[in-house]
Each structure stands twice: as structure tokens, then as C-alpha cells.
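Visitor: What follows is the residue order along each chain.
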Amino acid sequence: MIEAKNVTLQYPDGTVALREINLSVKMREIVFITGPSGSGKTSLLKLLMGMEFPTGGTLKVLGRTLHKNEMDKIRWLRTLMGPVFQDFRLVKGRTALENVMLGLRFLDLPLEEMKSRAQEALFKVGLQHKANAPVENLSWGEGQRVSIARAVARKPAIILADEPTGNLDKENAQNILELLAASSRDSNASVIITTHATHLIDETKGRIIRLQKGAMERADE
Amino acid sequence: MMKYLFKNTDYFMKEAKIILSTNLLSNLTSLFSMTLIFLFLAMVVAGWWVSSHIIEAIQDEAEINVFYPETLTATEISALLEEIEVIDGVREARLIHAEEAYERMEEVLGKEAQVLTYFTENPFSPFIEVNIQLEDLDGVLADLAQLDKINYVRDNREVLEDLRHLAGIMQFLGYLVVVAVGIATLIIIAHLIKLGIDHNREHIKTLILLGAPDSFIAVPYLLVGLLLSAGGGVLAAILSIFALKYIYALTAGPLPFIPLPPLGNITVNLFLFVIILSALLGLGGSIFGFSTAKVK
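Those protein sequence lines, which keep their order, are chains L and C.
In this text, residue positions in the first sequence follow numbering that gives the first Met the number 0: the first is 0, and each later residue adds one.
In this text, residue positions in the second sequence follow numbering that gives the first Met the number 0: the first is 0, and each later residue adds one.
Note that these hints are calculated values from the structure, not bench results.
The C-beta atom is built at its ideal place from N, Cα and C for all residues, glycine as well.
Treat each hint with caution, since some may be false.
Derived coverage of chain C by chain L (criterion: at least 3 residues anywhere in the stretch with Cβ under 8 Å from a Cβ of chain L; other residues may be distant) [stated by the list, open to error]: (1) 4-11; (2) 39-48; (3) 211-221.
With the hints as extra help, turn the sequences into a complete structure.
Guide: The structure is reproduced here in C-alpha cells:
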């Protein structure tokens, strides 16, 4: 699903965010990327989403090499991904259901299926009763769950979650991780999760990659 | 593309509504400006169409008057009429007796016709009224000059030339205003669309990250541009119809001889013209605004 060979990311100001990353992620695999702030976790996710591009090495996602001058390909790849953003990126003034449906609008789905998938995803995250609530009226944790519902409703090939357990208590954090793991099982998705919460990782089955100053420090199989 | 356009109609309409209500005051001001611009356009175009119609009507009835010596006998006048009728470009030649010329002047003068009573004798001479094709005017005049028994020929060349010149000015003004309105509308709509995009930058970025195609992201903004411009067009078209009715009412009384085109035709054509043009300009402005906004 994902193949990174000697991937380096250096920003125009000279900062090296990632150096010589080698990574292979298979179908239905769950990978946790850990490391302190500034270690390159979010930069790696940005690379996988085509928000940034390697300045060295090669990166293949779903068999396609990512180049910044091939935006149509990147756009297509993004439709196969379920991103969970650290700041959720929910659209204000719209309901939870509308936000989840937003991720499905331009996929090749009939309207009825869009609605049923969105409702099902909200049910999975336990927010079916908040489907018609504007997202600005939701709590921080509820907003995060809507964001996850938006990602899993797409039945993506890859789920990319940036700190989905941040600011959650242990029980809710475990629920979120279990939810993402269930999505992986349901839709054969690979899941890549960046997290600080290393104490939660042992309780789920997944590979841990530790980043330190942009380089891979440890990759557990 | 068409498939997701139709199935997402509810989404696009709601997004357009939100974009419009977000900058409501600014959008209302723009709608008002657009209405005034299109009203100005409608009035100039109406002036252009009416003047062209008048010119055409006058050209269709282009006439020259041929005066002959009053000493000619009836046989000689008939012979002269026959000679004139066969000239290329002449549609019809008709003898107007002095009495008919007097009656015509009475009709033209209306209430002022009493001045004619001061004449003890009919001051008008008989003449031959020659209906011609205007484009053949020069040829007809040349052929008439070859004929004997003609005192002089009165043509309305100067009047016709003035009218033609006026119609040319109206036409030029019409084109100029269409271009100016087009540019102004494109700029206003493009600016509004850019404002809307700026306001929704985060929303757009989210859509991009989710893989939304540009066309999907653009539709609500195109709708907003279309609604504002066509809305201004509709209002302007309605106002212009009222204005035209008023102008017609003003003109019909004191200037009944002006061959104005039927009001119904001109209002329908003007209504369709302004609405279609405003819709096209709205779409064009939106596309221009969206394509030049930095949304990537």
C-alpha cells in the first residue's frame, strides 16, 4: 500500500523534517508513528497525503509514485484515503451529518448510499443522536469523532490519523483506536496513526515506528 | 461530472446560500450596483434598437419629390410619370395635386393648420412623389437629371444622412456600453467570488485534502456569481420595461409621427437580452474569479 525508500523532506528554509525514511505498509496493517513534537510525524503524514513532496528518495502510495506536478493523480489518491486531521477540519455552520457526507459528495456513490454510509459512520462513533447538530455545538471529543466518522465513511484504502487520541482520556482514546482498527478490518484499510500516547499502543495490534529528529529510530514488526 | 452535479444539488444550493449570507451587505450592494449597470445597458440598447427601427422605417418610405412646370398638360404629366416609373430604383411614382399637398400640410400642422387660412390661394404646387429604394438614391437622381420638363427635385438626403449618422452613434454607443458593462460585471463578480473564497479558504482546503475536484469546489461560487449577476439583470429588465413604457407614453402624444417599434416586441427582446447577458457575464465572472483565486 505504501512504499517509502530513503525519503527525505527538506523545507525551503533548510529545515530537514524527514531524513532517509524507509517504510513499507501492507494492506490491513496498522502502523503507529510515535515520537516527540517536531520529530516529523505530521510531516510524514503530509507526504502520504500529497500535501508535501519528498525532496529525496521515492514514495509510492497505492502503487503510484507521488510527484508534485501530478495533481490529478494526487487528487485521485486522496479520494482513496480517509484522513483524520489533528484540528479535525470540520466545516462550521454545517451539521455532523453534513460534515460526514462532505467526504462522500464527490465519490461515485448514489445519494441514498451517501446518507446511509454517513449515518452508519456516526452510529459507529456513537454520535447518531448528534447527526443534526451543528459541529460548533459539539464538544472537542465529539468533533474528533465526527472527523473519524468522515474518514471511515469513505471506506478508504488508507486511513491517516494525525494524533486522533490527543487530549482524550484513556477510555475514549482506546475506543478511538479500536474504532480505527475495526475500520481497518471492515474495509481492508491500512491505518497509519501518529500519536504521543505510547501507553495505549500495547493494547492494540500494530507496528510501532518511532521517529526522532526526522529519522526512524525503531520499527517493530 | 454531470452526475455529481445533479446528486449534490442540495449541497451546492446550501453552500451558495451560506456564501451569499456570509457577506450579505456586500452582496446586496453588489446586486444593487449590478441592477443599475444593467439598467443603463438596457436603456442604451433600447435606444439603439428604437433608432435602428426608425431608420429602417424611414428608409422603407424613402421618397423624393419631383416638381414640374405648372404649364405641363395632363398628357405631358402622365408621360413624365411613366418615364420616372421605369427608372431603376423607383418603386412607385404618384402625382400629388396641389389640393392633396394642402391637406397633408393641414394634417402635419394639426391645431396650427389655421395659419393656412391666411393664404388667399393654395400656396402648394402639384408634384410627383417618387418612392425609391434608398440605396439607389444617387442613381435615381442622376436619371431624373436627364429628363426634361422637371423644374427641380427635392430629396431628404440630409435628413436621412443625419438619421443614419444618429443610428450609427447609437449602435457604437450600444457596443461600447455592452463591452463596458461586460468588463465591469466581470470585475465585480470576480472580486466577490475572490472574497467568498478568501472567507472559505479553510473549507476549500479541507475539500482539496479530501480529493474534491476543482469543478466540485467551484460550483457554489459559480452559482453565487450567476445569482448576483442574473438577479441584477432581472431587476434591471423589470425596471427598464417600466422606463420604456413611460418613455413610449411620453413620445406617443406629442410626436405621433415617429414610427416607434411595437412596445411588446421591444420589451420581450430587451428582457431576454439583459437576462441572458447578465447570466453569461455572471458565469464568466465567477469562472474568472475562481480560476484566478489562489485556492490550491
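Visitor: Taking 8 Å as the C-beta cutoff, is the stated coverage of the stretch 39-48 of chain C by chain L satisfied by three or more residues?
Guide: Our answer is that it is violated, as 0 residues pass the Cβ test (under 8 Å) against chain L, missing three.
Visitor: Quick check: the stretch 4-11 of chain C, covered by chain L? Criterion 3+ residues, Cβ under 8 Å.
Guide: As far as the stretch 4-11 of chain C goes, the hint holds, because 3 residues have Cβ atoms under 8 Å from chain L.
Visitor: Count the residues of the stretch 211-221 of chain C whose CB lies closer than 8 Å to any CB of chain L, then report whether that count reaches three.
Guide: holds (count 3)
Consistency note: the structure conflicts with earlier hint 2 alone.
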